[in-house]
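Here the protein sequences line up with chains X and P, keeping their order.
Its first residue numbered 1, the first sequence is counted upward by one per residue in the working numbering.
Its first residue numbered 161, the second sequence is counted upward by one per residue in the working numbering.
It is worth saying that the hints were derived from the structure and are not from the lab.
Beta carbons are placed, not taken as given, at the ideal position from N, Cα and C, and that holds for glycine.
One or more of the hints may lead you astray.
As the list claims (entries may be wrong) - List time: in silico BS3-like cross-link candidates among lysine-lysine, alpha-carbon distance up to 27 angstroms:
{"no.": "1", "chain 1": "P", "residue 1": "K244", "chain 2": "X", "residue 2": "K87"}
{"no.": "2", "chain 1": "P", "residue 1": "K246", "chain 2": "P", "residue 2": "K201"}
{"no.": "3", "chain 1": "P", "residue 1": "K246", "chain 2": "P", "residue 2": "K230"}
{"no.": "4", "chain 1": "X", "residue 1": "K63", "chain 2": "X", "residue 2": "K111"}
{"no.": "5", "chain 1": "P", "residue 1": "K246", "chain 2": "P", "residue 2": "K217"}
{"no.": "6", "chain 1": "P", "residue 1": "K246", "chain 2": "P", "residue 2": "K211"}
{"no.": "7", "chain 1": "P", "residue 1": "K217", "chain 2": "X", "residue 2": "K63"}
{"no.": "8", "chain 1": "P", "residue 1": "K217", "chain 2": "P", "residue 2": "K244"}
{"no.": "9", "chain 1": "X", "residue 1": "K87", "chain 2": "P", "residue 2": "K246"}
Claimed, not checked - For the chain X half of the interface with chain P, some residues (derived, Cβ under 8 angstroms), not all of them:
{"no.": "10", "residue": "P18"}
{"no.": "11", "residue": "T76"}
{"no.": "12", "residue": "A79"}
{"no.": "13", "residue": "H135"}
{"no.": "14", "residue": "T137"}
{"no.": "15", "residue": "T140"}
{"no.": "16", "residue": "D143"}
Spelled out, the chains give:
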Amino acid sequence: MSSLPPTAVRAIVESEWPGSVAWAGRHGWAVTLQPDELVLRGATYHPAVHRLVEFVAHLDDYKALPPAWRVVVPGTDDAAGPAHFPKPGPEASIFHGNLVLCAPWNRLAYKSVNDAGPHTDWGGPEGWLNLGGDHTTAHTLGDMLASIDRFLRLSPGMMG
Amino acid sequence: MGTEELVIGIIEEGDPEYELIVVEVEAPEEPRPEDPFVRVKVFAPRVPDPKWFRFRKDQTVASAAEHAAKAFGYTAGSPTFETKDKVVLDRSLTLEAAGVHNREVLDLVDAGTGV
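With the rest of the complex left out, here is chain X:
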């Protein structure tokens, strides 16, 4: 596993931040960056059930590794249970029954990193920028937010 200096990660994150903020403003999201902790928080309302959904990305080692994205209980750092985790569907979704955001750009989707991560077939997370296939592709923070937003709009509600 890589271990990038926080200053290098912070420079990458700050270079992508203006695009993320502009995207959020156009799409009804609230995003904040805690640069010292290298944590991004993004929140919006679930379109189908009008409930707040919050996503947190831990950005250490970005982009040698993808961010570690989690859905949390809004306003906390607690991992979302079924009541706060969007339901997948009707098409293949990034919202996985294991309560994991299942995408190559989420470190926690990799079994080698996270016991609940569904994927052993993508290699390690260090290869995330070169992973081929038809699945969702997002190589910047703004692109990841846009992808979450797209699948959230397909979600029929919450898991629980």
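Got chain X; can you put chain P on it based on the hints?
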């Protein structure tokens, strides 16, 4: 201005339509049904500022979105466009069939599947 001298791609300073499309964007537009092109303003999630593009109406959404994605620095994925009403356009349709109209504002999105 005739359309025979126009090519698809980004509309920036120096383009024959730059003043008309980008600078005078609020000006009323006269219908030009014979016009083979459509001009669209595209935002991408990775940068704050949009770009204007001219595409052929009979060009597929996939082809136009890939062209735009390249201009924004994307090198991977399956780009498509999303309208202001949050409709993700079918990549297999032509821009005309997808209902894209002149001076429409679109967002570039990835059409990749969930997993």
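Unmet hints by their number, sorted upward, for this structure: 7, 11 and 12
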